[in-house]
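Chains as they are written, first to last, in numbering that gives the first Met the number 0: chain A, 0 to 298; chain B, 0 to 201.
There could be a bad hint or two in this list.
[What the hints assert, rightly or not] In silico lysine-lysine, PhoX-like type, Cα no more than 20 Å apart, as pairs:
1) B/K78 to B/K101
2) B/K57 to A/K221
3) B/K114 to B/K78
4) A/K211 to B/K73
5) A/K211 to B/K64
6) A/K167 to A/K141
7) A/K50 to A/K174
8) A/K221 to A/K12
9) A/K67 to A/K144
10) B/K78 to A/K12
11) A/K50 to A/K167
12) B/K101 to B/K64
13) A/K12 to B/K94
14) A/K67 to A/K96
15) A/K197 to A/K12
16) B/K73 to B/K114
17) A/K149 to A/K67
18) B/K101 to B/K114
19) A/K211 to B/K57
20) A/K197 to A/K221
21) B/K78 to A/K211
In case anyone wonders, no lab produced these hints; they're calculated from the structure.
Here is how the chains run, residue by residue.
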Amino acid sequence: MIAQLRLWSTYFKHALSSILTNRLIYTLSVGTIAISLFIFSAFVLLSVNVKSWIQGWGQTLSISVYLKDGIDEETRETIRAAISTLQGAEIKGYISKEKALQDMKGMLGSQAGLLDGLTRNPLPASFEVAFRNTDRKSFEPKRIKEVLEKVRGVDEVQYSEQWLDQFKGLLDVLKVAGLAIGGLLCVAVLFIITNTIKLAIYSRRNEIEIYKLVGATDWYVKAPLLIEGALQGVLGALIALGVLSVMHLIFSFKVIQVFGLPLMDFVFLSKEYTLGTLFLGLLLGLLGSLIAIGRFFKF
Amino acid sequence: MALEDIDLRIRTGEFVFITGPSGAGKTTLLRLIFGAEPPTEGQIVINGINLSRVSGTKLDLLRRKIGFVFQDFKLLSRKTVFQNVALALEVTGEKGSVVRKKTHQMLRAVGLAAKEEAYPIELSGGEQQRVAIARAMINDPLILLADEPTGNLDPDITREIMVLFRSINLRGTTVVIATHSRELLRNTDQRIIVLHRGKAFE
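Turn these sequences into a full structure, and let the hints guide you.
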C-alpha cells in the first residue's frame, strides 16, 4: 500500500516534470482545450438560461377570455365561476367594453382620433386570467381554451402559448447546435490531447526504453502519461469555467442594465453541469492519452 | 533466422563469454535471455521460470533480476549519475531513504562516489560504463548481461571494467558478456561460447 502511494507520487512527479519540460506545447494545448470547452459550456449556459426563462414565464401564463356582446350580469358571473374552477387560475381583472376602448385610445395616443368615427364600440369585454405556480408540463392552454369556449357567453379565448412555442423551438435549435458543436469540439480536444501526449512520448522515448530495461512495469511508464492527459483536460475545463463565470457576471449585469429586467435572472451553470464539464475535460484527457499510448506501446 | 537449434545451459554463478563475428546472433541471444523478444521455437528457463510462460508485469518483475549493460551505456543525459542509478530502484517503489542509501553504496562500489552529481556528458567513457553497471547491479540481479560493454573503451579502461565484472561475479552473480573482442578473450580462463551462423559451439 505504502509502496503504491510512493509509486503514485513518482507518477505525478514524472508527469509534472514532463509538463514543465514541454511547457510551451502544454500551454498551447491547455489553451485550445479551454477555448473549446468554453464554447461548449457557453452553449450549455445559454440553453439552461433560455429554458429557465421559458419556465419562468410559463409559471405566470396568462389568457384572455373575450365575452360576447350583450350578455347579462348572471352569465358573466357564470363565466367568472367557470374560470375560477381551473387549477391555478386567478382572475386579474374584468375589462369592460368601455375600458377596452379607453385602453386602446391610450395605446394609440395622438392617433386616438381614429376611433372617434366608430358608431359602436367593436371591442369585446374580457377577463384577464393568470395561471400562477402551474407546472408548465401539465399546463394545457389548448384544453383550457376548448373548455372555456364551450361556456355560454364566451366568444373567444386567446393565450400566449404560440410565441412560447417559438421560444421552445429556439431552445431546440440551441440544443442541437450545442450538441453538434460540442461533439466536433470534443473530437478536436481529443485530437489535441492525443498529439500532445504523442510528442511527450517522442521526447521521452529514450527514458521510456531505459525504464523498461530496468524492469519498470507498463503501468509505471503509462501512468504519468495518463496523468498528463488528465491534467490537461481538467485544467482546460477549469479555465473554461473560470472565463465563463467571469463572462456570466459581466453579461448578467448588462442584461439588467440594458433591458431593465431585474427579474430575468441570468443563472450560471448548476453544480451538475459544472462538475459535468470538469468530468468531460478529465474524460477527454484520459481518452486522448489512452489513444496516444495505444498507438506507441506494444509491450 | 539469427539463431537456430541453440542448446545452452549456463549455471548459477558462472562467468561466460559469448563471442562470434558481427551478425552471429550475440545480441539476439542476450535479448532472448532478457525476455525482450520471444523465441520462435523452444524454451528459455531462468532460475526455474520458463520465459515463454510469463508476460506483462511478471516479465517486468523478472527483468529486475536481470541486469543489462550496453556498449552505448544508455544513460539519461538529463539526469545526474546518482539519478541514473537510483531510477532502477525507484521503479520498484522502494522507499526514498533505501534508494538513497543503496545508490550511494553502489556508486562507491564502482568508484564513482565523487561524481554522483555529475551528468553523463561530464564523464569519460569508462566512467559512463561504470554508471551503467551500477544501475544494472543495484537490484542485486541473478544475472548480469553485457552487450559489447567495452566496445567503446580503450584497453586500460577495458581492463578496469573487466575487473569490475569479475568482482561482481565473485559475489555470486552470473555474468554473461557478449563480445567480438579477441583481446578480451585472449587471457581468460572463463567459459567461451562461440556463435557462428546462428549455431553455438564451445
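Here is how each hint holds up against the structure:
For the proposed pair B/K78 and B/K101, the alpha carbon gap of about 18 Å is at most 20 Å, so the pair holds. About 17 Å separates the Cα atoms of B/K57 and A/K221, which keeps this hinted pair within 20 Å; it holds. Simply put, B/K114 and B/K78 have alpha-carbon atoms about 13 Å apart, close enough for the 20 Å limit, and the pair holds. Annotation: proposed proximity of A/K211 to B/K73 holds, straight-line Cα distance about 12 Å (limit 20 Å).
Pair hint A/K211 plus B/K64 holds up; C-alpha atoms about 13 Å apart against a cutoff of 20 Å. Proposed proximity of A/K167 and A/K141 is supported: the alpha carbons are some 16 Å apart, at most 20 Å. The hinted pair formed by A/K50 and A/K174 meets the criterion: a straight-line CA distance of about 10 Å does not exceed 20 Å. Distance restraint check for A/K221 and A/K12: the Cα-Cα separation of roughly 13 Å lies within the 20 Å cut-off, and the hinted pair is therefore satisfied.
For the hint linking A/K67 to A/K144, the alpha-carbon distance of about 15 Å falls within 20 Å, and the restraint holds. Only pairs whose Cα atoms come within 20 Å are accepted, and B/K78 paired with A/K12 is accepted, the gap being roughly 14 Å. Between A/K50 and A/K167, the direct Cα distance comes to roughly 8 Å. Compliance with the 20 Å bound is thereby established for this hinted pair. Restraint check for B/K101 and B/K64: satisfied, since their Cα atoms lie roughly 16 Å apart, inside the 20 Å limit.
Our distance criterion of 20 Å between C-alpha atoms is met by A/K12 and B/K94, whose separation comes to about 15 Å. Straight-line distance between C-alpha atoms of A/K67 and A/K96 comes to about 10 Å, which keeps the hinted pair within the 20 Å bound. Taking the CA atoms of A/K197 and A/K12, the gap is about 19 Å. The hint holds against a cut of 20 Å. About 18 Å separates the Cα atoms of B/K73 and B/K114, which keeps this hinted pair within 20 Å; it holds.
At roughly 12 Å between alpha-carbon atoms, A/K149 and A/K67 fall within 20 Å of each other, so this suggested pair holds. A hinted pair counts as satisfied when its Cα atoms are at most 20 Å apart, and B/K101 with B/K114 qualifies at roughly 16 Å. In summary, the hint linking A/K211 to B/K57 is supported, as the alpha carbons are separated by about 13 Å, within the 20 Å threshold. Proximity of A/K197 to A/K221 is assessed by CA-CA distance (about 12 Å); at most 20 Å being required, the pair is judged to hold.
For the hint pairing B/K78 with A/K211, the CA-to-CA distance comes to about 17 Å; that is within 20 Å, so the pair holds.
In summary, this structure violates none of the numbered hints.
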